[in-house]
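Make a model of the complete structure from these sequences and hints.
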Amino acid sequence: MNIKSLFSSGGEQARDSGPHHQIVISSRVRLARNLRGHPFPGWAKKSDRLQVLELIKPQVEALPEMDDALSAYLQELTALEKQVLVERHLISREHAAKGAGSAVVVDKKQMLSIMINEEDHLRMQVLRPGLQLRNAFKVLDKVDSALENKLNYAFHPQLGYLTACPTNVGTGMRASAMVHLPGLVLSEQINQVIQAINKIGLAVRGLYGEGTEAMGNLFQISNQITLGEPEEEIISQLNKVIERIIENEENARQILLQQKPGTLLDNIGRGFGILSHAYAMTSKEALNLLSFLKLGVDLGFFPPERQTEIDELFVITQPAHLQGGALQQKLDPEERDALRAAIFREKLKVFPNPNTSKAVIPRPPTEEPHHE
Amino acid sequence: MVCDVCKTNPATVFLTQIVDGKMQKVNLCEACSKEKGVTDPLSFALVDLLPGLGAEQEVEKGATVQRCPACGFTQADFKKTGRLGCAVCYDTFEEGLDGLLKAMHRRTIHTGKVPARLSRSIELGVRMKQLKRDLDKAIVEENYETAAQLRDQLRELEQIP
Numbered sequence: 001m002n003i004k005s006l007f008s009s010g011g012e013q014a015r016d017s018g019p020h021h022q023i024v025i026s027s028r029v030r031l032a033r034n035l036r037g038h039p040f041p042g043w044a045k046k047s048d049r050l051q052v053l054e055l056i057k058p059q060v061e062a063l064p065e066m067d068d069a070l071s072a073y074l075q076e077l078t079a080l081e082k083q084v085l086v087e088r089h090l091i092s093r094e095h096a097a098k099g100a101g102s103a104v105v106v107d108k109k110q111m112l113s114i115m116i117n118e119e120d121h122l123r124m125q126v127l128r129p130g131l132q133l134r135n136a137f138k139v140l141d142k143v144d145s146a147l148e149n150k151l152n153y154a155f156h157p158q159l160g161y162l163t164a165c166p167t168n169v170g171t172g173m174r175a176s177a178m179v180h181l182p183g184l185v186l187s188e189q190i191n192q193v194i195q196a197i198n199k200i201g202l203a204v205r206g207l208y209g210e211g212t213e214a215m216g217n218l219f220q221i222s223n224q225i226t227l228g229e230p231e232e233e234i235i236s237q238l239n240k241v242i243e244r245i246i247e248n249e250e251n252a253r254q255i256l257l258q259q260k261p262g263t264l265l266d267n268i269g270r271g272f273g274i275l276s277h278a279y280a281m282t283s284k285e286a287l288n289l290l291s292f293l294k295l296g297v298d299l300g301f302f303p304p305e306r307q308t309e310i311d312e313l314f315v316i317t318q319p320a321h322l323q324g325g326a327l328q329q330k331l332d333p334e335e336r337d338a339l340r341a342a343i344f345r346e347k348l349k350v351f352p353n354p355n356t357s358k359a360v361i362p363r364p365p366t367e368e369p370h371h372e
Numbered sequence: 373m374v375c376d377v378c379k380t381n382p383a384t385v386f387l388t389q390i391v392d393g394k395m396q397k398v399n400l401c402e403a404c405s406k407e408k409g410v411t412d413p414l415s416f417a418l419v420d421l422l423p424g425l426g427a428e429q430e431v432e433k434g435a436t437v438q439r440c441p442a443c444g445f446t447q448a449d450f451k452k453t454g455r456l457g458c459a460v461c462y463d464t465f466e467e468g469l470d471g472l473l474k475a476m477h478r479r480t481i482h483t484g485k486v487p488a489r490l491s492r493s494i495e496l497g498v499r500m501k502q503l504k505r506d507l508d509k510a511i512v513e514e515n516y517e518t519a520a521q522l523r524d525q526l527r528e529l530e531q532i533p
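So the sequences go chain by chain: A and B. Per our numbering, the very first residue in the first sequence carries number 1; after that it's consecutive. Per our numbering, the very first residue in the second sequence carries number 373; after that it's consecutive.
Don't read these hints as lab results, they were simulated from the structure. Glycine included, each C-beta is placed from N, C-alpha and C at the ideal position. Hints should not be assumed to be uniformly reliable.
Said to hold, decoys possible - Okay, the calculated beta carbon distance ranges per label pair: (1) T263(A) - E402(B): 17 to 25 Å; (2) I200(A) - T380(B): 53 to 61 Å; (3) K150(A) - N515(B): 38 to 46 Å; (4) T308(A) - R527(B): 52 to 60 Å; (5) K451(B) - E188(A): 38 to 46 Å; (6) I511(B) - S47(A): 40 to 48 Å; (7) S145(A) - K451(B): 34 to 42 Å.
Claimed, not checked - Partner residues are not named here, just some residues of chain A that face chain B (Cβ under 7 Å, in silico): (8) F40; (9) L331; (10) P333.
Right, here's the structure in full:
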């Protein structure tokens, strides 16, 4: 598989929806591994890095999971292609900045991705739609066990798997779920929820955004601690927390529907109106408005089958995807915003107006015939 | 208020995170916040900053070895990057890292997956033997503070099934 065919197929993320997909966009588990006897990539000389790369890459490509995979040295990829991989969460931004001495291998389904010489010699991840942390770990654990037979991992009897950064040492595992929480944001409970999550040692990060600002009401929740707890326990604790957050979000949505239907519909209606009629749309504005459109589908204001277009729009209107679609041409920001707006106008044509018949909101006075 | 990293520029980015019930605060200037990736929430957690900040003092305080024999990495490099040079660095800077790891992870003994071909019990046995030797030595030298620490580490290891 090459990068072009990767680009033209939506990948696992866009196809399935997965359990709890209305609130949990995706689940991700990654493992960090290093080889014994070789300095970590950040400290290694180029010759060391190349040596490690040639040790690891053939073993990764030989995995049965990597049949017909995309396998590329970083220097072979254009900036735009790397950005597409970043936008699909298949490589990190840090990895995208790398050149010779690093590589990436992505399976056909775009579910399993293995970065070679990122911050650690090996960064492997499984990305699944919806809440599937356990399943993602199971798949990844199998890949890890297969590689461990071929590669001599740096493992310490007391500290576990050794990583370049001490924050990853032990299991080398980071599990995370990307959650969509417009209900908790609109009802102004989000800060409370974030504080509670932080208190139990989990991290909450915004997505895509600058600073710590979360865009599109999307949040990434992950474990911080990697040492002293077994993998299964970390996953199961995170899973429990995510399930609680799902409950909280569902409750918040129901309360909004009952107590503030006007606010709710105003956000959904404006999102729909602006996305359908704008001629310039930044990616940030698009994300924030799309979030409310998605909420509109979840709450039944739009037909459920419209979910597909929304999920697709989340992906294809990101900057690099947009430009990939525009014949691999580099566009300036204004051209991008215009193109993005055009895609929204076109795609949203199939959307009916929000069906608000069930909501209790003020209606215009109807002209009823007078009975005399 | 000045930046906690470069200690020269005025701090404009203020971060607070609660980990394990303890509040951690970091103040950064524009340049350092960019360098540390604070502007990129995808890759950012306050804990990731710690090696470059407060916690790295632990490393300075404890470590006596200056340079990793395997890769030439020094404490100064760790201070700068927050990353270690190679697997051996974990042994080289062990003393100082211990406090840092405790602050980050609460516990300092791995209880998760072990590569199948490494028999854990053998490796643990080697480690405990070494600790016992060090403990005996500390007692002979009447270095009771060290001895107490070693005894605690041994107990922690003994609890692993």
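A quick look at each hint next to the structure:
no. : hint                          : in the structure
1   : T263(A) - E402(B): 17 to 25 Å : violated (36 Å)
2   : I200(A) - T380(B): 53 to 61 Å : violated (37 Å)
3   : K150(A) - N515(B): 38 to 46 Å : holds (45 Å)
4   : T308(A) - R527(B): 52 to 60 Å : holds (58 Å)
5   : K451(B) - E188(A): 38 to 46 Å : holds (41 Å)
6   : I511(B) - S47(A): 40 to 48 Å  : holds (47 Å)
7   : S145(A) - K451(B): 34 to 42 Å : holds (36 Å)
8   : F40                           : holds (6 Å)
9   : L331                          : violated (23 Å)
10  : P333                          : violated (18 Å)
In summary, the numbered hints that this structure violates are 1, 2, 9, 10.
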